[in-house]
Amino acid sequence: MNAHIRRFGLVALPLLALMAANSRAEIDWSRPLDQLGLKLPDTVQIHGFASQSYLRSTANNFFGYTQNMGSLDFTEMGINGSWRPIPQLQTSLQVVYRRAGQTDNQDLRIDFGFLDYSFLSDARQTVGVRLGRVVNPYGLYNDTRDMPFTRPSILLPQSIYFDITRNTTLSSDGIQVYGEQRTDFGDFQLQVNGGYARTEDPSWKSVLSARSVSGEPSWVGRLMYEWQGGRVRLGATSATMNIRYQPEPIVLSGLIGQNVFSVFPFGLPQNVTATSLHFSPVLFSAQINEENWSLTSEYAIRYSEFEGPGSPVPNVTGESYYVQGTYRVTSDVEGFLRYDVLYADRSDRNGKKTSAIYAAQGVDVPAYDNFAKDLGVGLRWDVTPYFMLRGEYHYINGTGWISPNENRGETSQHWSLFGVSASLRF
Amino acid sequence: MALRPSVHRPSRRSTELLAAHRMTEPEFVPGQARKRVGFTRARRALAFVLVCLALGTGTAVAVDVVANPSVPDVALKRATAWAVFSMRLRTWSDGSPTTVFVLADSSPVHAEFSKTVLDTFPYQLRRAWDRLVFSGTGQAPIEVKSLAEMRDRIHTTPGAVGYLPAGLLDKGIRIVRVE
Chain A
41 MNAHIRRFGL
51 VALPLLALMA
61 ANSRAEIDWS
71 RPLDQLGLKL
81 PDTVQIHGFA
91 SQSYLRSTAN
101 NFFGYTQNMG
111 SLDFTEMGIN
121 GSWRPIPQLQ
131 TSLQVVYRRA
141 GQTDNQDLRI
151 DFGFLDYSFL
161 SDARQTVGVR
171 LGRVVNPYGL
181 YNDTRDMPFT
191 RPSILLPQSI
201 YFDITRNTTL
211 SSDGIQVYGE
221 QRTDFGDFQL
231 QVNGGYARTE
241 DPSWKSVLSA
251 RSVSGEPSWV
261 GRLMYEWQGG
271 RVRLGATSAT
281 MNIRYQPEPI
291 VLSGLIGQNV
301 FSVFPFGLPQ
311 NVTATSLHFS
321 PVLFSAQINE
331 ENWSLTSEYA
341 IRYSEFEGPG
351 SPVPNVTGES
361 YYVQGTYRVT
371 SDVEGFLRYD
381 VLYADRSDRN
391 GKKTSAIYAA
401 QGVDVPAYDN
411 FAKDLGVGLR
421 WDVTPYFMLR
431 GEYHYINGTG
441 WISPNENRGE
451 TSQHWSLFGV
461 SASLRF
Chain B
814 MALRPSVHRP
824 SRRSTELLAA
834 HRMTEPEFVP
844 GQARKRVGFT
854 RARRALAFVL
864 VCLALGTGTA
874 VAVDVVANPS
884 VPDVALKRAT
894 AWAVFSMRLR
904 TWSDGSPTTV
914 FVLADSSPVH
924 AEFSKTVLDT
934 FPYQLRRAWD
944 RLVFSGTGQA
954 PIEVKSLAEM
964 RDRIHTTPGA
974 VGYLPAGLLD
984 KGIRIVRVE
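Protein sequence lines correspond, in order, to chains A and B. The numbering used here applies: residue 41 is where the first sequence begins, and numbers increase by one. The numbering used here applies: residue 814 is where the second sequence begins, and numbers increase by one.
Looking at chain A on its own, in the form it has when it is part of the complex (with noise of 0.2 Å):
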């Protein structure tokens, strides 16, 4: 056991339990201000989560060393504010704690904090702006990724959402524009973010081979439909995000190349002193909601643009996609199965160009670093509406999504992940 879990044990884990023993017992979690005698306005809201994961991997490492007896490295907790003091105003505010084990640092952020205010709003339409950070309007799942309960599993379809880039993708400092448009044959809404990304993620110095990241001016954008309360959702995303960086002299030293942006950053000269990736996804989403499953499937293809003097490789196109299903066997009790691909350039599907261009450099890459295919099968038990507990398995072929920074020794091709885990909300 690490300092980590120990410091993480002393405070959290008596807390989940004495959570977990009350969460059947009278204490009504819908509420829980009301627990400390503390009566809030109906236009306030407290909520929160907390979610502990055990992980293991046959090879490789994902969210810790998670090799051999595994790791408890996955850690999620949050808190959630927001007034609502007129209807057409609102302020929210969401601080997460989160340990994820190399690919996160393990220290409270800002997910998001903003100002939400509608011009206008009646029975057709609404349009409004949010100023602050804002989140990413960004497929079916990023908005609310935060939140274990929102989401189809333990692990996000990594090919799509990228954990070790989780910051950038979920949020960025800026401005929301958003307009929902409700008609008899559905609603209707579009919501086009512009400012800065964020760069905090550890994973991105070593993908980049850089000494320096920051977030350059980005927008994302995100045109929704929905018939029947949800139960058809179509999207489609598309986004710019903008990142400079100051790349590290010694050129690719230790670094194993892990995803669609490693293929970039090798004899760079001595002399560049910034470089910018523009990276665009542009994103379809599709979902159906019946009763007792859903059947959710998106897209996704990525173009990745290298700018600076001396960028040998200055673009790269990637493609993604999955397909799942989930059944819910009772209204407590529900499956999943997934398959999830990720090829971090569509026209080298193998990998075995792009390896052999590090080999002709003298690093060796593995050809299948540059693809992962995930075939995941899991259940989630509801156990209150309160506290959830899950269990899913994975059988990946390849390492396109895991982190340089807890991968420096050899990697497998062929690897399976299993995890469980047990989360709390109120």
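The hints are simulated quantities; they were obtained by calculation from the structure and are not laboratory data. Worth double-checking, as some hints may not be accurate.
[To be verified] Far from chain B by the CB rule (all over 12 Å, computed), these chain A residues:
| no. | residue |
| --- | --- |
| 1 | Met109 |
| 2 | Leu210 |
| 3 | Gly365 |
| 4 | Ile397 |
[As the list claims (entries may be wrong)] Just so you have them, the derived chain B footprint on chain A, three or more residues with Cβ under 8 Å:
| no. | region |
| --- | --- |
| 5 | 130–138 |
| 6 | 149–156 |
| 7 | 179–186 |
| 8 | 220–228 |
| 9 | 430–436 |
[To be verified] Incomplete in silico selection of chain B near chain A, CB under 8 Å:
| no. | residue |
| --- | --- |
| 10 | Ala892 |
| 11 | Thr893 |
| 12 | Arg901 |
| 13 | Leu902 |
| 14 | Arg903 |
| 15 | Thr904 |
| 16 | Ala917 |
| 17 | Thr933 |
| 18 | Thr950 |
| 19 | Gln952 |
All values reported here derive from a predicted model rather than from experimental measurement. In this text, a Cβ means the ideal position worked out from N, Cα and C, and glycines have one as well.
Chain B: place on chain A using the hints.
Chain B in isolation, oriented as in the chain A frame:
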């Protein structure tokens, strides 16, 4: 629990039921919930079949949307009702704020309301609220513990909206037609 009567007048049985709920009894006790669900579902199914046979229509609604008398809207389109209960539309037609009350996800009355009034499922409503709350773009409705609390909070909160089985209506609460 009652088929929809042609005139909304509390029957003696439903008055007793409401009185029982007023005795601070929570609507559903964990552990008993499943048994009750089955029982209620079976009765509902039977009632539904009988009404269909009797009236030759397929529209037996056992749960009504109800509101505080201050609410200006006497009827809502189904899409508007969805917008209100999914917490996306936060104002009534006169601009006054909505306050939404719901029962627990596991409540059979909530399930009936979700399906027959909104044409959706309880898990879909929960997802819609979670999407708002945990992205900071909205708030969740207020969850009440019993039908009696639902009735009382709607009665005393301006702009309040919720739902009740048709037999449990009372003074100081108004039905909102969903069409």
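Right, here's what the structure says about each hint:
no.	hint	verdict
1	Met109	holds (32 Å)
2	Leu210	violated (10 Å)
3	Gly365	holds (15 Å)
4	Ile397	holds (40 Å)
5	130–138	holds (count 4)
6	149–156	holds (count 4)
7	179–186	holds (count 3)
8	220–228	holds (count 5)
9	430–436	violated (count 0)
10	Ala892	holds (5 Å)
11	Thr893	holds (5 Å)
12	Arg901	holds (7 Å)
13	Leu902	holds (6 Å)
14	Arg903	holds (4 Å)
15	Thr904	holds (5 Å)
16	Ala917	holds (7 Å)
17	Thr933	holds (4 Å)
18	Thr950	holds (7 Å)
19	Gln952	holds (5 Å)
The structure does not agree with the numbered hints 2 and 9 stated previously, though it agrees with the rest.
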